[in-house]
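2 protein chains.
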Amino acid sequence: MKIAILGSGNVATHLSKALKAIGEDVVQVYSPNLEHAKLLADELQASSVNHLEQVIGDADFYVVCVKDDAIATVATGLKDVDGLVVHTSGTTDLETLSSTLKNTGVFYPLQTFSKHKEISFNNIPLCLEANSEANFEILNLLANKLSNQVYQLDGEKRKVLHLAAVFACNFTNHLYTLANQLLEKNNLDFEIIRPLIAETADKVMVNLPENVQTGPAVRKDEITINKHLSMLADLPELQEIYQTLSSSIKLTY
Amino acid sequence: MKIAILGSGNVATHLSKALKAIGEDVVQVYSPNLEHAKLLADELQASSVNHLEQVIGDADFYVVCVKDDAIATVATGLKDVDGLVVHTSGTTDLETLSSTLKNTGVFYPLQTFSKHKEISFNNIPLCLEANSEANFEILNLLANKLSNQVYQLDGEKRKVLHLAAVFACNFTNHLYTLANQLLEKNNLDFEIIRPLIAETADKVMVNLPENVQTGPAVRKDEITINKHLSMLADLPELQEIYQTLSSSIKLTY
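Protein chains in written order, with full-length UniProt numbering: chain A, 1 to 253; chain B, 1 to 253.
Chain A extracted, bound-state conformation (with noise of 0.2 Å):
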């Protein structure tokens, strides 16, 4: 398939880098920022642009990989071309892309991407919709070349699946910044904790975290919740985030 990307951030680099591994032809990067478009454009040895007016019209894909909210200006830059223009967003619906393209649809990757941390695709889920079953085919067939998890899945389903992410994934690595932050105030090194991080996501590739849950709050173990409680007393937000959580536990298991 020949194909465009256009955006030039995370995504946009790591699935494109992806296309082409498997054999697909990207041939053009699209971005408003002429540099950032060739920086990537260099790496796939594809041509850079930075007029929307300047994107091929014969690609076979369009992947529309840009902030949430410039999805539809760069969609309505397409104009009317024939391909499969699909966005990567988790949280933006289907229609978003626009009306006067015959054949849409949405691949997302369910993943966080680092500019400097190299990640296979085998292992992402890819969340897909289309608006027709034919390029549904289309979309699942490129897919599982990329994925071993490939789902079909409507925007509502979808724009959960983002929200989940937020807490499992965004929250989590508030909550790593937050232990940080009581280590370094203490000369303590981050690297003491890493071994527990590590563990503590892996015991939930086999189990499921509402098993394994540990710690004061499940335990209804009041001295130490409240010891902690009063060691975070010059850190208010903290301790508001320590008392919401623990609540919550309490609540839940």
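Result set (DSBU-like, lysine-lysine): computed pairs, CA atoms no more than 35 Å apart in a straight line:
#1 B:Lys-17 with A:Lys-220
#2 B:Lys-67 with A:Lys-227
#3 A:Lys-117 with A:Lys-20
#4 A:Lys-20 with A:Lys-102
Since the hints were made in silico from the structure, they are not lab data.
With chain A held as given, fit chain B onto it using these hints.
Okay, now just chain B, sitting in the frame of chain A:
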């Protein structure tokens, strides 16, 4: 070293097996519940007892792995043994071990243990404290045989570490549970989110978490945040957690 284990829970089980595996002589397991003591003792080919006065008096090393609020009682029950008596608690002062004991210490493994999941002690940070330089050296020698991450930490730092661990492990696992609640409610399988959880933890093995935060709150994407809050309208507990953590993220980065 001739070792007696006081306790039969997760820490007692994992630690006693690790001690046996490096060639130490684990001779006895005490638990107020004889059946529990026997279950672990059989695995270790040790004897089992359920009264503190039955605990052997001539062990070199007594490992008290009982609930925090039972440590004082068990230590007092050991009366005036000469061997080195340690507890394994993150939150308990060294001084909680009876003042009649001559040789005392803390041997705190910073890890989350589950009954049915094997774990190698190699990468478990062991946090040590002792009531004398000589006793510290005994602990240090033993700890270095078990793990390549050994730290000398006083009670204050150990308590901070334990508190940080609640954020990085217990609260994190609870966020996984909340994510799964959202998924289950919408007939989505937890499997779909496992790769994201694994990668979120993996990212901070080489980065500091404050450098890899992603998601709507750190982007100050109020449109997505408000969509998510309205999706949680019928789950006020999750809505509060979403709000509290998003506010904290917006203030932190």
